[in-house]
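Undergrad: Going down the list, the protein sequences come from chains A, G and E.
Following numbering that gives the first Met the number 0, the numbering of the first sequence begins with 0 at its first residue and continues without gaps.
Following numbering that gives the first Met the number 0, the numbering of the second sequence begins with 0 at its first residue and continues without gaps.
Following numbering that gives the first Met the number 0, the numbering of the third sequence begins with 0 at its first residue and continues without gaps.
Don't take every hint at face value.
[What the hints assert, rightly or not] The list that follows gives simulated cross-link-like pairs (lysine-lysine, DSBU-like), each with its CA atoms no further than 30 angstroms apart: (1) A/K148 to E/K7; (2) G/K301 to A/K176; (3) G/K278 to G/K301; (4) E/K7 to A/K72.
The set of hints was computed from the structure by calculation and includes no laboratory data.
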Amino acid sequence: MALELKNVSKRVGAATHIHETSLVLEPGTFNVLLGTTLAGKTTLMQLMAGLERPTSGEIWFAGHNVTGVAVQKRNVSMVYQQFINYANFTVYDNIASPLRVAGISAREIDSRVNEAAELLRLSPMLKRRPSELSGGQQQRTAIARAIVKDSDIILLDEPLANLDYKLREELRDELPKLFAGRDCIVVYATTEPSEALLFGGKTATLFEGRVTQFGPTSEIYRHPNTLTSARVFSDPPINVAEVRKVNGDIILGDKVKWKVGRAAQALADGAYTIAIRPHHIIPTNGSQEKATIEGRVLVAELSGSESVIHFDMNGQTWVSQSHGIHPFEVGSTAKLHVDVDRSYFFDANGALVGGAG
Amino acid sequence: MARISIENLRQSYYPNPQRDEDWALKRLSLDLADGGAFALLGPSGCGKTTLLNLISGLLKPTEGRILFNDHDVTEATPEQRNIAQVFQFPVIYDTMTVYDNLAFPLRNRGVGEKDVDKKVREIAAMLDLDRTLSKRASGLTADGKQKISLGRGLVRSDVNVIMFDEPLTVIDPHLKWVLRSKLKELHHRIRRTMIYVTHDQTEALTFADQVVVMKDGEIVQIGTPIELFERPKHTFVGHFIGSPGMNVLPCQVAGGRVTFAGNVVEAVNTKAYRGNGKKLELGVRPEFVHFAEKGIPVEIVKVADAGRFRIVETRNSEGKINLLVREGRDIPTQNVRVTFDPGHTQIYEDGWMVN
Amino acid sequence: MNKTVDNKGWFFVLPVVLLVAFNAIIPLMTVVNFSVQETFGDNVFTWAGVQWFQDVLHSDRFHSALGRQLLFTGIILAIEIPLGLAIALTMPRKGPWVSVCLVLMSLPLLIPWNVVGAMWNIMALPDIGLLGKFLNAIGFEYNYTRRPISAWFTIVLMDVWHWTSLVALLCYAGLVSIPDAYYQAARVDGARSWAVFRYIQLPKLRHVLTIAVLLRFMDSFMIYTEAVVLTGGGPGSATTFLSIDLVKTALGQFDLGPAAAMSIIYFLIVLVLSWLFYTLMMRNEET
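Pulled out of the complex, with its shape left as it was, chain A reads as follows (with noise of 0.2 angstroms):
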């Protein structure tokens, strides 16, 4: 039961939303598209879904062609970001509403509205109507209606983006157990980075209609095959910067230099691309950090729990995220402390050639 896009695109007129994208999202997978807005996360969910009809490629669901075949006739539900309901049903009649159109018994219905009523927290509001409940108790109500018919896919496109940051927490720890144990394909669209890692299971990168790469979460969070698809999952942004490697030694601007670590120890001596994680550049020295490196700070940001530094490294803006808290004056010259054996190196043409940590 498998979804698999074989070499999809779209383009409407002369713009290309989708470049050539091949796909297979296996069942019971909780899949995750991460990118930035206009990405093309919402219409590469609109060709899965149906709602759209791919320019070229053909979209195979459990061993059949469905391309061109409408949405009402695939067994599809969607989330989206803004809270849809119907205003003048309740809340139960809301969740019934997908297996009253399907012609189900009404205590097959009773029951199945129960149950994913029970699963979302709302088995209190079911005589209530959307305009009666917070803006979390209407998205749980949309996301119960979506879980409640038992659909092969399910699509998410930024559920989460219009809540308060605790109800988010909450419902993001909730959303993959309700999925576990069913053997749908769920597709959720994000553009927070962290959100994609915390759910775990696999994440897609999209950059300019591209997917960039899919695969488990955490490896693609580790691996990233392109500084494409680093700079799109990492948040803060991630640090980049040329260096050179001569004689097993790295070298960045005129003044930095360390030797070289097991990231870029089999590389040939030349000109790379840098890459190193906020979180890998900290204040203090511990045992893994091997360079040193100083940069005027520009802002500094103590949460209470940890500090941000935003300090300019050789014309470029670079971000230290650490534990705790340490206080720069702005405008000083912070030194600080690079975990060079967790850095990336990726050739001219952009692709991972070194480091993965």
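The hints should help you fit chains G and E onto chain A, whose structure is shown.
TA: Here is chains G and E on its own, set in the frame of chain A:
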């Protein structure tokens, strides 16, 4: 530039408020020092936006006074109060260029074109808008538009306070970082009073020197980010700030000893407890729970990889305990026990920290 | 957009296609048929080519009817659009008066054309009508059956009374859809009400105003009933607008060929002017 004092402010959207829940703000007093960076933090419906609109003058309070530098402005319009505000969704004048948008507040106040030009160019450079000055504002991306909204506040050199109402809602995560640090940098440079309303603890804690945590129309705690993180005065603050929030666990106190699930635990405020509370709880942040050889036996329920650290959800007979494990450190598989950092464990009595 | 193909869709559209065919396409084709032939009834037709079109285009009667029509439409647009906008701006946006205002504003729209004509006909009678008597009493020489200026005044007044609320309601709908934050930002920026109107309300009302102008333009170009009920196109031919002229030609004189040609020319004028106006408004949008 102004120090803002709020005295016994109450606000209701009903004509005849009777019950407690009719009040959007329940009698609130607050002093905001001149030139500070403040955040009003709380879940939706806590009254933070109401408070912001009362300070800016977009709303008139039902009761109470607002003073700017000891001068009563309760009846003054936003224009008379001389404030600037950035809204949740970018508000720009569609038909104007970026330049004209920035010049608008100055021209409305009859400032000469020469001064307008100088100021607009200065602020545009500060916000990296200098290359788009002649473009139509409606063609910019969301973050560009928010910069224009902010710029319209900054061009006026006499602004008393700049208000932000969840300004990063429509901005992508990677640009949030850029805009947020830009704000912080600007505050550092111009040292003008700024008030930032948000439900996002990260935004509040990284932006503000002082954070006002609100719930149900009341202030729960005012403090620096470090105070709120290390010594939350109420379990709500502990839960709302931090991701995941503070572990709140049932406990007993007897004879100067705190016990949790049959284990003796040390807390910073054990001595202060005088034994009159109904519900006793222990609060400890996931950052201050560690795996140990000896300690409280627990069972691991779930491990979530957050990149820099892993969030481990554990459970014992009394409840759920979250802890954070830094990248590269191991998680035990057998005989799992945890300990609480005594310096960061507090007792709460009916929700409030014992002191 | 290239949506997934579902051929059932055509089936659903079919009733509308048939309806439009009966309603618009078939009658239009009949008119085209008449406009290029000569007939005296009894289904006997002879080919006339573009003869009728040439006749109509060179006829002084058509020219003056068209002139009157353009003048009338110009006048009522110049009054109704600003007036409707002004009324919408003063209508309350919250509170109990909203529904009262909306009902009052909708009332004129519910009254049929001929009733409006009859109402004003009586109201404006110089000897016993409220309006007519009043105007004469304060020193105006007012008599719509004798003085063209009085007849024009009455018809314009009638149209303004009847249709300004449509413009007002459209503008009102546009105004209430502007988010509060825009007004708040303007207050914070120290904008006076003129600046709020010029830089927030007017730009946001642009689409609504385009629709309002189009609707009133097309509708006023077809004015018929009011003028007929009031004076039958008189005094003389002072209020003989295009549609009245057309009916006189077709039914009064039974010149079906010229009347058909005139209809087509009439139709093309409305179409071209509407299209010009619309593209002009939309082009401004892009730059």
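Undergrad: A separate judgement is required for each hint: does it hold in the structure or not?
TA: Results for each hint:
Restraint check for A/K148 and E/K7: the C-alpha separation of about 25 angstroms stays at or below 30 angstroms, so the hint holds. A C-alpha spacing of about 11 angstroms is found between G/K301 and A/K176, which places the hinted pair at or below 30 angstroms, so the restraint holds. Of the pairs offered as hints, the one joining G/K278 and G/K301 holds, with about 29 angstroms between alpha carbons and a cut-off of 30 angstroms not exceeded. Restraint check: the Cα-Cα separation between E/K7 and A/K72 comes to about 13 angstroms, which is no more than 30 angstroms; the hinted pair holds.
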